Structures are given as C-alpha cells and as structure tokens.
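Q: Each protein sequence line maps, in turn, to chains G and D. Heads up, the first sequence is in the numbering used here, so the first residue is 912 and it goes up one at a time. Heads up, the second sequence is in the numbering used here, so the first residue is 2 and it goes up one at a time.
These aren't lab readings, by the way, just hints derived from the structure by calculation. Since the model is a prediction, treat every value here as computed from it, not as a measurement. Mixed in with the good hints there might be a few duds.
Said to hold, decoys possible - Coverage of chain G stretches by chain D, computed from C-beta distances (three or more under 8 Å per stretch; other residues unrestricted):
| hint | stretch |
| --- | --- |
| 1 | 921-928 |
| 2 | 1028-1036 |
To be verified - If we take Cβ atoms under 10 Å as the criterion, some of the chain G residues that face chain D in the derived model are:
| hint | residue |
| --- | --- |
| 3 | LEU918 |
| 4 | LEU939 |
| 5 | ALA942 |
| 6 | VAL945 |
| 7 | ALA991 |
| 8 | GLY1004 |
| 9 | ALA1039 |
| 10 | VAL1041 |
| 11 | THR1110 |
Every residue, glycine too, gets a C-beta built ideally from N, C-alpha and C.
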Amino acid sequence: MPKFVELWVYLSTTPLFGLTATLVVYVLAHAFYVRQQQAPWANPVLWTVVAIAGGLLATGVPYPTYFSGAQFIHFLLGPAVVALGWPLWQRRGELRQRWLPLLLAALLGGGASAGSALLLGWAVGLPADVLLSLASKSVTAPVAMGIAEKIGGIPALAAVFAVLTGIIGALSGKYLFDALRVPTTPDGWMARGFALGTTSHGLGAARALQVNADAGAYAGLALGLQVVLAALLIPLLFRWL
Amino acid sequence: MNALRGFAWLLLLQSAGELAARGLHLPFPGPVVGMVLLLGALRFESVRTPVSACADYLLSHLSLLFVPVGVGVMTHLALVNEYGLRMLLVIVLSTWIGLAVTVLVLRLLNRPARAE
C-alpha cells in the first residue's frame, strides 16, 4: 500500500498525468455522450470538468500540477482560434449576401448577453472584478481571457464564465428554441446555429455541429464574428466608460 | 503531411498575429489577428489545402480544448462558495437572453427578405 501511494505521488506530479487524465476522461465522457444519443445533459465537457476537478480536490493534487500537463491541450486553443478563419472563409458567399442581418443579430445578441450579465450581476451584488470578468462570457475562452485582462477582470475567472456559458447554451438551447417556436427548417436551423455560436461560442458550435450541418456552419460563422466584434468593441466601450 | 503543414501555417499566422498585436498595440488578442490574416491567406491554394485538412480536425474536437480552463474553476472555490448561486443565476439568465435575442432578430430580419 505505501508503495502504491509513493507511485501515485510520483505520477501525479509529472506532466504526463494531467495530459493523460484530460484525454482519457474526455474520451470516456464522449463515449457516454454518444451512447445517450447526444442528449444535451450528457455534455462531455461538463462531465469531464466535474470528474477531473472532483478527482483533483479529492486526491489533493493542486491545479498548477494538473495544468503542467493539461497546458499542452490548452495551448491548442490559440491555433484553433486562427483555424476558425477556415469555416468563415468557406461561407464568405453567404456572409456577403446576408451580412446585414447576420451582423445585426451578432451585435444585438452578443450585446444582450454581455449587457444582461453585467446588469443582473450588478443587481445581485457581485464584486466589480467578477462583473468585469462576466462581460466577455459569450466569447470563446482564450479570447475572453484576453479581453478580461484588457478591461480589468480576472482572466482565469473570465475563462470559467465563458466555458460555463458555452455549456449552458449547449445544454438548454434546444429547449429554449423549441419554446420560442423556432422551426427545424433550413432557415430555422440557420437561426438556431447562429444563436448558439453567438452566445455560446465554441461549445455551442460543437453542439450545433453534432445536431445539424447547417446549424454547425452558421454557429462557426457566428463564433468567428463574435470573436472579432467582442475583441474590438468591449475594450473600446470600457475605455470610454 | 498536409495536416502537419496546415498546423505549421496556423502556428505561423498565430505568431504573426501575436507580433502584430503586441508591436502595434492592437486591442485584439494575437490569435484573433491571426484569424484575420488567415482569411486573407486562404485565397492561395498552397495555404488552403493544408489548412483545411488541419482546421477541420482541430475544430471537430474544439470542446476538448476547453477542459483545462474549465477545471480551473477549482481554484476559485472561495468565490464559488460566496457567490456561486448568484453567478450561476446571472450566467444562465444572460445566456438565455442572448440566445433569444439573436434567434428572434434573425427570424425577424429574414422574414421580409423571403417575402420579396
């Protein structure tokens, strides 16, 4: 038994541990998600985060130790943001044709998400640095961190808020759209996908992509637009305020 | 090989984006500048073919990349203990408001276009 503890202490401090845990738990959670017919509540990111955070807290492994391995996956967010240019480029025709409604929806939707978060957060008495970290919640995590840093929020907290917003959108989008009677015609799928990408960025887009190809395409477009709009407008707005 | 070449392009464009953002004091994060640069570079076949092979793969596993940051919630347990329920409420409500506004604006604006 002491031998086992010794081995665990050794393994849990190498970068190999964080990387392996992230990949293995995600692969298992994803297999479960597929077995549940991709039901929103079985969201693989949600359960992977819960399982790993719970496991780390239970075994007393500190987050920086875990992150020394997980950073190799985290690092890929940068090239992934660059890669978002590819779906955007593929849909440049549609973008040129419908740029006005899409741009308006992205601006108003993103604005409503950020504005209502600030207003509600202020109403329930959240501290200022938490509030500022909420402003970028509808932007994909790596960009949200950059924005939070620029306006005086807490980057790590902004990333967690962004991931939570992504999971909540992916979890509940379907039910909300059904309640609003958004049809499942090609036009309806376009609107559903675009809304998921606008408010719930990469996690919403991943969900949309699994459900319907049109929805996924527009979600990718929306998340790319949101990145550009939010990265440009939020720091500018806060500079004026 | 194509996917690897595509990954090299993505990293190169991200580096260019980081340099531009820092050097010119742009208000955007470096990868966002890299994405805009990629939009310009995709007109060239020699960029498009490798990047498409790599980007499709990377983006199909996009949600995995959020896990390390998500686990970071455990470092904010004090904050979660004090404000957890309120933060969750704010995030859930504002996400629904954002989703509803986006979808309704699109439905509204697309209707007259189809009637024409």
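Q: Against each hint, give a clear statement of whether it holds in the structure.
A: To see whether the hints hold, each was checked on the structure:
1. Coverage of the stretch 921-928 of chain G by chain D is violated [criterion: at least 3 residues with CB-CB distance below 8 Å; count 0].
2. Using a Cβ-Cβ cut-off of 8 Å, 5 residues of the stretch 1028-1036 of chain G lie near chain D, which meets the minimum of three, so the contact claim holds.
3. Nearest Cβ of chain D to the Cβ of G:LEU918: about 23 Å, over the 10 Å cut. The hint is violated.
4. Of the supplied interface hints, the one on G:LEU939 is violated, with its beta-carbon coming no nearer than about 12 Å to a beta-carbon of chain D, more than 10 Å.
5. The interface hint given for G:ALA942 is violated, since its Cβ lies 13 Å from the closest Cβ of chain D, which is over the 10 Å cut-off.
6. Proximity of G:VAL945 to chain D is violated relative to the hint, the smallest CB-CB distance being about 13 Å (cut-off 10 Å).
7. The beta carbon of G:ALA991 is positioned within 10 Å of a beta carbon in chain D (closest approach about 5 Å), and the interface hint is therefore held.
8. Interface hint at G:GLY1004: violated, since its Cβ lies 13 Å from the closest Cβ of chain D, which is beyond the 10 Å cut-off.
9. Among the interface hints, the one on G:ALA1039 is violated; its C-beta lies about 13 Å from the nearest C-beta in chain D, farther than the 10 Å criterion.
10. Taking 10 Å as the C-beta contact cut-off toward chain D, the hint placing G:VAL1041 at the interface holds, the least distance being around 7 Å.
11. Because the beta carbon of G:THR1110 sits about 4 Å from the nearest beta carbon in chain D, less than 10 Å, this interface hint is met.
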